[in-house]
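Asks: Read top to bottom, the protein sequences are chains A and B.
For the first sequence, my numbering assigns the number 1 to the initial residue and increments by one for each residue that follows.
For the second sequence, my numbering assigns the number 1001 to the initial residue and increments by one for each residue that follows.
Note that these hints are calculated values from the structure, not bench results.
Each residue gets a CB set at the ideal place from its N, CA and C atoms; glycine is no exception.
Warning: the hint list may mix true and false statements.
[Said to hold, decoys possible] One side only, chain B facing chain A, incomplete, derived with CB under 10 Å:
1. Gly-1031
2. Cys-1119
3. Ser-1134
4. Glu-1135
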Amino acid sequence: MIKVNGESIENLADKTVAEYLAESGYDIGRVAVELNGGILPKPQYEGTLLQDGDCIEIVSFVGGG
Amino acid sequence: MTKEEWYKALEIRHGADLQQKFSSACVAVCGLGGLGSNVAISLARAGVGKLHLIDFDRVDVFNLNRQQYKISQLGMHKTEAMKQNLAEISPCCNVITHTVKLTEGNLSLLADCDIVCECFDSAECKAMLVNGVSERYPEKYIAAASGMSGLHTGNTIQTKKLGKRLYICGDGMSDVADDGTLFAPRVMLCAAHQANTILRIIAGKFEV
């Protein structure tokens, strides 16, 4: 079980963060990702495997300021 | 008004300990549109000692519905216009202007600040700044904004915390590309969340 934006989701283990973002329709140029309490650097999205017990928060920025 | 008179007034208002913290703080305001112009004024009023103002743009007529500039400032660089406005508010604020586009290549402009306030317009620039600062300067706090456009209720503007040092203010949803425009009150609500977050961080209050 992996917690994504506060919601528990099954069958995500062993996907990379990059794979999960792409499958979920996120625009990678607009996101920031917190994994287990720290901001995950963008260059690590491809190589970081999600694991059981992980807690991931994805912020997708919207325009305006 | 002398600097001493101004500082004394802030000490009486805020207490000497808190004012010392505000006066010692350095904040970078990245983008001086609806968010940044309001954040900068709030921080200067509180007596934050040093502000870096970063923006490449000039004041134009379409800014006046929500940004803290005046008709007399049309055509000026926003950095210089805001420096002028802040000088009339606070004689103690050391304002350093950078009339450039902030990119991954010049994030070193942020080197001496404690807190970075993300006030850009485009979603991609927001993500670039938050990710770039988190990677390059993991010790800095970031107050970012996402979602403050349109005439939606003000009650959905909130501050969320991600990790230990990233705060994101806004409703997280309302995109100016969908809503068409921004209105002063809702942008000011979001800017107020950002400025409040920054003052709380300086005061040592890190929870939301």
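Asks: Compare the structure with each hint and give your call.
Replies: Hints and how they fare:
A least Cβ separation of about 6 Å between B:Gly-1031 and chain A falls short of the 10 Å threshold, and the interface hint therefore holds. At about 5 Å, the closest approach between the beta carbon of B:Cys-1119 and any beta carbon in chain A falls short of 10 Å, and the interface hint on this residue holds. Among the interface hints, the one on B:Ser-1134 holds; its C-beta lies about 4 Å from the nearest C-beta in chain A, closer than the 10 Å criterion. Given the 10 Å rule on beta carbons, the hint for B:Glu-1135 holds: about 5 Å separates it from the nearest Cβ of chain A.
In this structure, none of the earlier numbered hints is contradicted; all agree with it.
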